[in-house]
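If you want the building blocks of each chain, they are given just below.
2 protein chains.
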Amino acid sequence: MVTSTTLTTAEQAEKAFYAAFEKSDPAAMMEVWAEDGNIMCIHPNGPRLVGQQEVREGWQQIMKYSPSMRFELTHLDRVESDDLAVHYVNEHIYVGKQKDPDFTVLATNVYRRTAQGWRMIMHHASPTPESLRSMQDRLQEEAQQDEVTLH
Amino acid sequence: MVTSTTLTTAEQAEKAFYAAFEKSDPAAMMEVWAEDGNIMCIHPNGPRLVGQQEVREGWQQIMKYSPSMRFELTHLDRVESDDLAVHYVNEHIYVGKQKDPDFTVLATNVYRRTAQGWRMIMHHASPTPESLRSMQDRLQEEAQQDEVTLH
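Chains as they are written, first to last, in this note's numbering: chain P, 1 to 151; chain Y, 152 to 302.
Because the hints were derived from the structure by calculation, they are not lab data. Fair warning: this is a prediction, and the values are worked out from it, not measured in the lab. It is possible that part of the hints are untrue.
[As the list claims (entries may be wrong)] One side only, chain P facing chain Y, incomplete, derived with CB under 8 angstroms:
no., residue
1, Ile42
2, Gly46
3, Pro47
4, Asp77
5, Asp82
6, Val86
7, Leu106
8, Val110
9, Arg112
10, Gln116
11, Ile121
12, Thr128
13, Pro129
14, Leu132
15, Met135
16, Gln140
No residue lacks a Cβ here, since even glycine has one placed at the ideal position from N, Cα and C.
So here's chain P without its partners, still in its complex pose (with noise of 0.2 angstroms):
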């Protein structure tokens, strides 16, 4: 069962956030996100997913395909109002066990003071040149191996 506890900041919400991401856990993701419909989700090359649905299912694909890994995250900036905070955040990913981060995201995290307590409403992510180059190039590279294997 899962129970939902109450973030009392701003910080606490991101804590959770990159915590129910390292565990791959869609649920604890998903108990970091508002109750209400105007979510909204972009991962790296993604498109727009919006409300619960849309976001939730973007995770369980997300969390089922994605090796394990870990974050290192770098917080440049905090913007806060009474009840609306945003986050500029590096993401610096670790895959599997390796020593160096394999690819920097930049995202734009948003949280919202509600009646459950902070909440995420928004994430906004996209990869930076290097790592895009560095990613379609392992996509690149997997498509070749499929077709070796095939022939």
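Chain P is already provided as a structure; the job is to place chain Y on it using the hints.
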């Protein structure tokens, strides 16, 4: 001479932002941004630009090399508090005199009420998956044409 205009709402700041973008006017563009150092800008497939100088140079470079563009905007949502506003915008970009949009860019725009009125403090833009493919196909075609020209 550039005369600063006081933008009294986040909507006005957003209107001025896209007007400056369509006019390819870097000075008008920078008037929309907050004057303090904590501004950030991520262009499609681009790095994180931080502070007045990087943000200004980013716009100068984009406006120098971009063709004439027209924007059709779909505002998906706005989340606002007293002095902070986050707008989610789909930018349908028409290049030259095309009838159909050439690219769609997903943007998160953050505005803040400052002593100089409402100003942009963050612009995070990423292409839709279809537009990313289309942009890369164009670059590849251009590279091939350059190669043909060189031989």
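Comparing the hints with the structure gives:
Residue-level restraint check for P/Ile42 holds (minimum Cβ-Cβ distance to chain Y is 6 angstroms; threshold 8 angstroms). Annotation: P/Gly46 was flagged as interfacial toward chain Y, and the flag holds, the nearest CB pair being 7 angstroms apart, inside 8 angstroms. The interface hint given for P/Pro47 holds, since its Cβ lies 6 angstroms from the closest Cβ of chain Y, which is under the 8 angstroms cut-off. At about 5 angstroms, the closest approach between the beta carbon of P/Asp77 and any beta carbon in chain Y falls short of 8 angstroms, and the interface hint on this residue holds.
Because the closest C-beta pair between P/Asp82 and chain Y is about 6 angstroms apart, less than 8 angstroms, the hint holds. The beta carbon of P/Val86 is positioned within 8 angstroms of a beta carbon in chain Y (closest approach about 5 angstroms), and the interface hint is therefore held. A distance limit of 8 angstroms between C-beta atoms decides the matter here; for P/Leu106 the minimum to chain Y is near 5 angstroms, and the interface restraint holds. A hinted interface residue such as P/Val110 counts as satisfied when its beta carbon comes closer than 8 angstroms to some beta carbon of chain Y; here the least separation is about 5 angstroms, so the hint holds.
Nearest Cβ of chain Y to the Cβ of P/Arg112: about 7 angstroms, under the 8 angstroms cut. The hint holds. Below 8 angstroms, beta-carbon pairs count as interface contacts, and P/Gln116 has none with chain Y, the closest being about 16 angstroms; its hint is therefore violated. For P/Ile121, the shortest C-beta to C-beta distance to chain Y is roughly 6 angstroms, which falls under 8 angstroms, so the interface hint holds. At about 6 angstroms, the closest approach between the beta carbon of P/Thr128 and any beta carbon in chain Y falls short of 8 angstroms, and the interface hint on this residue holds.
Because the closest C-beta pair between P/Pro129 and chain Y is about 6 angstroms apart, less than 8 angstroms, the hint holds. Taking 8 angstroms as the C-beta cut-off, the interface hint given for P/Leu132 holds, the closest approach to chain Y being about 6 angstroms. Of the supplied interface hints, the one on P/Met135 is violated, with its beta-carbon coming no nearer than about 11 angstroms to a beta-carbon of chain Y, more than 8 angstroms. Of the supplied interface hints, the one on P/Gln140 is violated, with its beta-carbon coming no nearer than about 12 angstroms to a beta-carbon of chain Y, more than 8 angstroms.
Consistency with the previously given hints fails for numbers 10, 15 and 16, ordered from lowest to highest.
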